[in-house]
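> This is what each chain is made of:
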Amino acid sequence: MNATETNPIPVSSATDAVCFHCGEDLPSKPWTSQINGEAQLMCCPGCKAVADLICASGMGDFYRKRTHFAETPQAANLDDDFSSYELSIAKRRNTQESDDATEQTDLLILGMTCPACSWLVERRVGHQEGVLAAKVNLNESRLNLQLSADANIPKIMRSIADLGYQVQPFQVSARTKALAEEHRILLKRVAVAGLGMMQVGMFAIALHAGNIYGMESQYEHLMRWVSLPVALFVTYYSAAGFFKSAWQHVKHGALIMDLPIALALGLALSASVFATLTGGGEVYFDSVVMFTFFLLVARFTEQRGRFKNSLTLQTLQDAMPHTATVIGHDGITKVAISEIPLGTSIRLFKGDRVPLDAQTTSGICDVDESAFTGESITRSVEVGDTVYAGTVIAHGTCDALVTALPGSTRLDALERAILYAETTKPRIALMADRIAGVFVAVILTIAAATAVYWYQNEPAEALWIALAVLVVSCPCALGLATPAALSNAAQTLRRRGIIARGESAIETLAKIDTVIFDKTGTLTDGAFDCVEIQSSSRDSGQDLYYLACRLQEYSNHPITSAFQWPPGRPYRPLVEHPELEQALKHTHSERPVSVSGRGILIKLTNSEYRLGNRGFIEELCGTQPWPESQLHWLGLANDSGVLAFFGVRDRARIDASVVVDFFKSQGMHVHLLTGDSSPQATLLAHSLRIEHVCSGATPEGKLAYVEKLQARGAKTLMIGDGINDAAVLAQADVGIAVAHASDMAKAEADMVILSNQLNALCKTYSLATRTKRIIIENLGWALCYNAVAIPFAAAGHVPPWLAALGMSFSSIVVVLNSLRINKIT
Amino acid sequence: METLYFLIPIALIFCVITFKLVLWAINSGQYDDLNRDAQIPFEDDFREHIPFEDGFDEQTPQDKETTL
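Going down the list, the protein sequences come from chains E and U.
For what it's worth, the working numbering labels the leading residue of the first sequence as 1, then goes sequentially.
For what it's worth, the working numbering labels the leading residue of the second sequence as 1001, then goes sequentially.
It cannot be assumed that every hint is accurate.
Stated by the list, open to error - Between beta-carbon pairs, the in silico distance windows are:
| no. | chain 1 | residue 1 | chain 2 | residue 2 | range |
| --- | --- | --- | --- | --- | --- |
| 1 | E | 459 | U | 1020 | 41 to 47 Å |
| 2 | E | 513 | U | 1020 | 53 to 59 Å |
| 3 | E | 280 | U | 1004 | 18 to 24 Å |
| 4 | E | 704 | U | 1042 | 51 to 57 Å |
| 5 | U | 1027 | E | 133 | 46 to 52 Å |
| 6 | E | 791 | U | 1017 | 44 to 50 Å |
| 7 | E | 780 | U | 1012 | 39 to 45 Å |
Quick caveat, the hints were computed from the structure, so don't treat them as lab data.
Ideal placement from N, C-alpha and C gives every residue a C-beta, glycine not left out.
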C-alpha cells in the first residue's frame, strides 16, 4: 500500500518458482526474458512479451520499483486494435469544453497494482506522439491525458495494452464523483483534527505541567480559554459525523459504537466548557481532540481501502455494447441500442457480444453462453432460434430480428433477480455492534450510578468523577477493535491479489459452514481432457489421438483443447493416411475447416475426414453405435467408416481438489451448483469428492437453492464467475468471484480473487479466521482494561491526565495487535 | 510572562491560516491521489514532473532517455 512496506517482490533472484512478471506458478517449461541483465522465468508468452517490451523501451527499472507483482496479461486484450474507441472518444471530445490546442481525455486502466505501474504507464504514454502530459490517478485507476490535435488515441490505448494492462475510456458516473467527494471530506476532517490536536496538545502540556509544578491561575485560565475555540471548532468540523450517526441509530433504537463515542466526546466537551466558564473542575479539551483524531484516522484508512475497489468494479459493470449493427434499406449502419425498435434486423459478427435478445433469420452460428448458463460447450444456433443479450457469438455470423428491448431482455430479468437477492440477503449481526449495545448500556448505568452516589456524598465532585468514568472507559479501544483488524486484513488480502468489498465480508467469512462452487470457470477453467479413446480401426488409440490433434490445429472450438499434442513430443508423418498427411504438410492445399457447432472436416480429392459430434459423423458414414457413458463423446471418421471415439470431459483446475479438500478438512459441507445439465457435473463432483451436486440449475434455480440452504440455517459461501452466478453471489452470505469472472459477477461478489489461482481461497479463509481471533483478542483486551479501570475511576482515584493516558494506551494496544494480521503468514 | 497574552493569540492566528491552507489544498485536489504522488520524489527521473526544465539540469529528460 505504501512505500515504507518491505518489498515482497524479488528484484533479481531467479530462484523463486513463480513468474517474475506476474507471480503466478510456472509451467513445467517456462519462458525466459532478459531483465536488467539477468535471465528471469516467465509463466506465459503474454508475460514474456510484456516484460521484453518494458526492458526494450528502457524501463527495466519498473522491476526495481514495484512493490507488487503485475497482473497476468489477458490474451483477449493483447490483440484488440482499439479502433472502435476512436469514434466514442472523439464524440466525447466534442462535447468537452477545451481550447483548440490541447484536448483532455481520461482512460480507465485496470491491473495497476502499485505505484511502479503508474510510473510505467506514464513513461510509456508520455513518449507517444501527440501526448503533451500524462498523469495517473492510482486511486481511481485513471489516466488523464493532455493531447494535441494529432494524437492517435487507439495507438495510445494499444501501447498501454501492450504493457499488459486492460484499458478502456473512463466513464465518470455519479457514484465515482460521490466517492471522490467522500474521500476529500474525510481527509479534511482528519487534517483539521490533526492540526487541532497539535495546537490543543501544546496548551494541554502547559496545563499538565502547571498541575504538577504549580501555575498562576490567570495563566491557567488563559490556557483554557485558548483551547476552547480550537476544541469547539475541531468537534464541530471533524466529529460531527459521530454525533449524526449515533443520533440516527438511536432514533431507530440501535445502540452502536458511535453512541458511546459521541457521548464521551459530548460530555467531556461540555464539562470542559463548563469548567472553563466557571473556572473550576478539570478540562479535557486535549482528550476530546485526540480521540477525534485517532478515530478519524482509523476510519480514513478503512475508507481508503474500500474506495479503490468500488471505483474499479463500478466502472467495469458497463461491459454491454452501446451500439448494434443494423441492416437497413440503405446498407449497414451502427445504431445506438436505445434507438432500436422491436423487429429491427441486426447483424451479429463473430466475437460480438449480443446487444439485445433476438431471433435469428439467417446464418448459422455458435453462441458462447457460458457466462449466462454455465454450459461449457457453445450452443449452435439455427435459423429461428433466439440469441440472448450478453452472450457472445463464438463462431459464424448471423442476422436476427430484435425481440426484446433494453429493460425486458433475459439479462435484465437476471439483473432484477440480483436486486432481489441484494435486498433479501441475510445480514449476520457483526460482533462489535452486538457487544457495543451491551457495553453502552453497562457504561451508562455505571456512570449514572457513580454520579448519583457521589452526588449524595460529595456533590461538587460528582460530575467530574462520572466524567472520568466515561473517559477512562475508553470506547476508543472498543471502537477501534474491529475496524483496525478488518482494515488490516483487507490490506493483507489485497497484497495477495484478493479484493474485499466492505470488510464485513471478512468477518462473515469466518462463520461459514457451507461452501458452494460453480463449475465452469470456477472449478474448471473451460478446457477439456480426453480421457478415453475407443479405437474402431486397426490404428492404435495413440495414433488416432495424434491424428485428431493434427486436425484440430485449425479450429478454435473450446472442445479442441482436449486434443493437444504434448509440446516436445515430435510430430511424425501419418503413414496410414498418406493423402491427409500430404494436405496437412503443404500450406497451399486444402485446410481443415471447422463447421459451426458440429466439428472439423477436411475434404480431399479421394477422401474426407471428420472430427465432431454424433450428427456430424453420422452424416458421413450413416447411423453408428455411439458409446454410452457420462463422458461427452466425439467421433473421428473418414469415408471408410468411424476410426475412433474420444471420451471428453471437463478439466478441473490443478488446484481444485486441494481447495475442496481444504474446506472439507475444515468440516464444511461442499456443494457443486451448476447450470450445466450434462452428466459432466456429476463426473467432476465425483472426481473431486464433492457430495452434494445440483446440476442444470437456471440462475433463478441457483438463487432458490442457496435460499433453501440459508433457510435451514446454513452460512453459505458461494464461489462463482459467470453472469448466471451474479444473483447467487449477492444472495450468499459471502460471495467470491474468481479470476476472469464476468464483470457482473465481480460487481456482486463480496470479494474478488484477481490471480488465476483457486487456492487463494484457502488463504482467504485462513486469514478470515485469524482476523476473527484478533478481533476477539482486541475486544477481550478492551473489556479487561475497562473492568480494571472503571472501578478505580468510579471510586474517584483517577485524575484526568491518567484517564487520558489510559485511554490512549489501550487504543495503541488494540492497533498494534491488529497489525499482527499482516505479520503472521 | 504577560507576553503570553500577546504571543498565544498570534499562534492562534497562524493556526487559523494553517487550517485555511490545508483545506484549500485538499479542495483543489492536491490530495486526491495519495498513492501515486507519494512516489514521485523517489523517482530517478522526477525532474520530468517539474514544469521548468531550463537551467535545472544540463540534461533534459529527452537527453536522458537516449543515454539509457
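> Of the numbered hints stated earlier in the document, which are not met by this structure?
Failing hint: just 5.
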